[in-house]
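Use these hints to put chain S onto chain H, whose structure you have.
These protein sequence lines are chains H and S, in that order.
The opening residue of the first sequence carries number 39 in my numbering; numbering runs sequentially from there.
The opening residue of the second sequence carries number 39 in my numbering; numbering runs sequentially from there.
Derived by calculation from the structure, the hints in this document are not laboratory data.
From a predicted model like this one, the values you see are computed outputs, not experimental measurements.
Take the hints with a grain of salt, since some may be wrong.
To be verified - In the BS3-like style, the derived pairs of lysine-lysine whose C-alpha atoms are separated by at most 27 Å in a straight line are: (1) K153/S - K479/H; (2) K479/H - K502/H; (3) K134/H - K479/S; (4) K90/S - K157/S; (5) K153/S - K184/H; (6) K153/S - K134/S; (7) K184/H - K153/H; (8) K90/H - K157/H; (9) K153/H - K184/S; (10) K479/S - K157/H; (11) K134/S - K479/H.
Protein chains: 2
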Amino acid sequence: MNYIPERMTPLSACRLGLDTHQELTIYLRQDSPVCRSEGFSALSRVLVRTEKSHMIATLHMITGELLVPGEIGFSESAWQRLDLHEGTSVWLSHPKPVQSLSYIRSKVYGNELSKQELKEIIEDIVEGRYADVHLAAFITACGDDKLNIREITDLTQAMVNSGSQIEWGLPMVVDKHCVGGLPGNRTTPIVVSILAAAGLTMPKTSSRAITSPAGTADTMETLTNVSLSLNQMRSVVEKEGGCLAWGGSVRLSPSDDLLIQVERALDIDSEGQLIASVLSKKIAAGATHVVIDIPVGPTAKVRTQEAAEALASSFTSVSETLGLTITTLFTDGSQPVGRGIGPALEARDILEVLQNSDSMPIDLRDRAVQVAGAMLEMVEAAAEGKGHKKAIKILESGAAWEKFQAICLSQGALKDPPIAPYRYELISHSHGRISCIDNRKLAKVAKLAGAPADPAAGVDLHFKIGEKVTPNQPLLTIHAESSGELSYAVEYLEDHPDIIQLLELEG
Amino acid sequence: MNYIPERMTPLSACRLGLDTHQELTIYLRQDSPVCRSEGFSALSRVLVRTEKSHMIATLHMITGELLVPGEIGFSESAWQRLDLHEGTSVWLSHPKPVQSLSYIRSKVYGNELSKQELKEIIEDIVEGRYADVHLAAFITACGDDKLNIREITDLTQAMVNSGSQIEWGLPMVVDKHCVGGLPGNRTTPIVVSILAAAGLTMPKTSSRAITSPAGTADTMETLTNVSLSLNQMRSVVEKEGGCLAWGGSVRLSPSDDLLIQVERALDIDSEGQLIASVLSKKIAAGATHVVIDIPVGPTAKVRTQEAAEALASSFTSVSETLGLTITTLFTDGSQPVGRGIGPALEARDILEVLQNSDSMPIDLRDRAVQVAGAMLEMVEAAAEGKGHKKAIKILESGAAWEKFQAICLSQGALKDPPIAPYRYELISHSHGRISCIDNRKLAKVAKLAGAPADPAAGVDLHFKIGEKVTPNQPLLTIHAESSGELSYAVEYLEDHPDIIQLLELEG
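Next up, chain H with everything else stripped away, as it sits in the complex:
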């Protein structure tokens, strides 16, 4: 038990209407007697207790008149976690030291983390006992390849156990994941449509973007409702065999959602947290068979075949121990897939492929049928070497497009993706052949233009590597929802003329 002095008179809860995102924050007047009696100062970690519940929060001090004496202010996240009402009685005291923080220090010193230590770290994260700086330290300490296979396996299991887990009561539930790093590589909605149309069960939960201009959930949100409850998801999947939901709303692996917020701010990747993040979501979602797509290219997330094979081997080892069957695919990561980069622009590409439109981006279609084909073969819904052909047939027959519409409608909507009002075209000044496209910098342009927060924002790429360009042809178009963001993306583009490189040809 945490210590609460009996004599202490309670403070009165006050909703300040401050959104500090995930960091649970409370506000006290600097002259508050409890600061004196308990020795709290700005940024102290404080145990906050009501008659029904408790949490650890970060203290910000108020030097002005936002609170009257005897009041305590709450950020929105803290208010919701404690389920407060105006005037609820609140007691403050010192929290016991969070034991699991010492495990993170131990990791910094190069020690292995035990199963129990990883379990406690994840539980404390889910319980909100970590401030953002603690999450940052955990992510950094585990960065690069600092977790071994056993640690990644135990981390994955701890993340699965920390949230909801879906039981489908079926012998086979399929899923896919792309390791990312490739702008526009939005095959998932197409793959789900093909496989559900083939009679497989594919209850897909996707994440929002971490460091990229769009995640599948961001893209699907421009087309339908993706914030489904577990019951809603179950009902869509029972009816259609598949769904395209945002994972965060069903609390699968909730620690992952908290870590991702800080990973985004730090832009630090780690093999261990990548694998744990991916597999914990799949296992919690009840998947039995998963295809992992690893794009490889000089500016993709995985840059060499060697790194891709090492990552695939780690994915396979961890999956085996956890009873999950996986296949890893290495795909071309040398350039963006499709034309659009950004939620709505990628949604448009997806619709063109599903509708077998003449103008569809062929590379996106090719990758989707490759992934779908690999899955059909893995679960023996197609003979070896025949999966690809079967996937194409389902797509060309219109069955996938019908299935996609049915899934969206079952999720509550089938919308047209929004269109951005502000545009800028980068024009070619010479004859040439596209020799190189920098994925990372292109993603940066799309993000500066507002993606993924502004769903219509992003970049439309008009050429692929190897294609010929003549003067005055647009190479790419930036889309933005505001002129400020458009100008900023243009400024970055002008500062980085190497984003699209041309091999000049004789006019």
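Same frame as chain H, but now just chain S:
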């Protein structure tokens, strides 16, 4: 230049009176048009510009009515950094990516940081371009021994260059530093008094506690004014040959002060940041000769002779390259020094030693004359082997006590340390001999009792290792300024009966 859309109407600055400590924070209404036009969301990093200045800050959103439309709120630190007035015009835009954050990512992947990269990291920290999560990532990425000697040297130089530097115009300026980890080891004020009385120049700047119950600045603040400007410090040193100031108020190595705040929250040590922190302060303060005291013991910061020698070797290598002469001393780190642990209790011990009181803690005196003696020998103010004797003579003659009083008065005050109203005594229940004292857990008790924020709080230790104890003798006394803190420290003490271990003897 950072991009500001010309058309943008300014926001009006509003001081919210929120103390978020060092993290520069701004507040916007969620329905603010600038959030829409620029795509800002909670925790976005935002470039904030007035006609005179600019900074990068973290955005918190306001969902309530704390601001009227067109206003922007500021935390106290942000308000002061931009030197604002109510209603000052403020423009917001996207900051350029902070380039030096990519160097931290590179460090996570195991790469060496170049001189230029370390320089940019430190400059960006001083300019406030890092959020707390970024500082946490930097500290964690450099944790343990992840910086090599060349990197530590360049980090130290970058930290020196990032702030004020004092030129004394003297061939010899002496200083000392204790690597810490030993509660109560407060020799500095005694050493300064002895050496200044011996005619040396010792302009001492000290830090506040990082993870310990008291730093020298915390302790001296119970006796005199330690927040001296550079000019005040210069005038005290010119008059008395020495001073005992807080380093933070003269902006020596200011990045260190920012890093220390987050190190405290994380409780992560790193050899590189330790050395850079210590030496950058010494060099910036104009020292030419420094004694580094490294206590070694199983529960001290440095636990083995081997680790102490490695640390001393790193200190020496970095110092040599930077033109600083140092001597390292290995001292006994097996138990606390003196009796008091906490600012005022340590101040009391210091006064007893300086006053040659019969009740003085002999071990504190012995360590102070050991350090002072080493310095006298290093600068050839005493022959080899004669420094110790000379230091004792200065102390016993009363010259050191006179010098101490003169320094304090010159700094503006000579005060009595405060006394805590709440006490708790841990009583022995058996005959025995003290066999072991856990420094870390004892420091924890003092911190839970309120030290260093409450200057009178802490622990008074009544026995040393090897001393005999009889039943009903008090082993230690906890001092607190509030009953809440006292109770919490007592609870921790009761949970950890191994803090003081007795070898039982026959009654």
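Now for the hints, and whether the structure bears them out:
no. : hint            : verdict
1   : K153/S - K479/H : holds, 26 Å
2   : K479/H - K502/H : holds, 16 Å
3   : K134/H - K479/S : holds, 14 Å
4   : K90/S - K157/S  : holds, 25 Å
5   : K153/S - K184/H : holds, 25 Å
6   : K153/S - K134/S : holds, 22 Å
7   : K184/H - K153/H : holds, 15 Å
8   : K90/H - K157/H  : holds, 25 Å
9   : K153/H - K184/S : holds, 25 Å
10  : K479/S - K157/H : holds, 25 Å
11  : K134/S - K479/H : holds, 14 Å
Consistency with the previously given hints is maintained throughout, with no hint failing.
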